[in-house]
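Visitor: So the number in my numbering is just where the residue sits in the sequence shown, counting from 1, plus 455.
Hints were generated in silico from the structure; no laboratory data involved. As the structure is a prediction and not an experimental result, all values here were calculated from the model. Treat the hints with caution; some may be incorrect.
Claimed, not checked - Straight-line distance between alpha carbons at most 30 angstroms, and here's what the computed DSBU-like set of lysine-lysine pairs gives:
#	residue 1	residue 2
1	Lys478	Lys457
2	Lys520	Lys490
3	Lys509	Lys465
4	Lys528	Lys457
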Amino acid sequence: MKIYEIKEMKDDELIKRIEEEEKNLVDLNFAHHLKQLTNTSKIRNVRKDIARMKTILNQRLMAQKKSGADANKKGVQ
Numbered sequence: 456m457k458i459y460e461i462k463e464m465k466d467d468e469l470i471k472r473i474e475e476e477e478k479n480l481v482d483l484n485f486a487h488h489l490k491q492l493t494n495t496s497k498i499r500n501v502r503k504d505i506a507r508m509k510t511i512l513n514q515r516l517m518a519q520k521k522s523g524a525d526a527n528k529k530g531v532q
């Protein structure tokens, strides 16, 4: 999954997709341990996709907190 695709998603879609990919990762790891997974690079790609999605989500949350904190500071002064 590309970064621009992740950035286009809404927060609730992103959270749902993270949960789906984490379940997919568990299934891939299980198949790998049973020697049923032929393409082991899928595990790495899914892990990286999850990390990208969590990073984008965290950046959005931090931006919201920062904008809320800035609004509070302006109101206090």
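Visitor: Take the hints in turn and mark each one as holding or not.
Guide: Here is what the structure says about each hint:
1. Lys478 with Lys457: holds, 20 angstroms
2. Lys520 with Lys490: Since the Cα atoms of Lys520 and Lys490 sit roughly 45 angstroms apart, the hinted pair is violated (cutoff 30 angstroms).
3. Lys509 with Lys465: holds, 13 angstroms
4. Lys528 with Lys457: violated, 36 angstroms
Hints 2 and 4, counting from the list given before, are not met by this structure.
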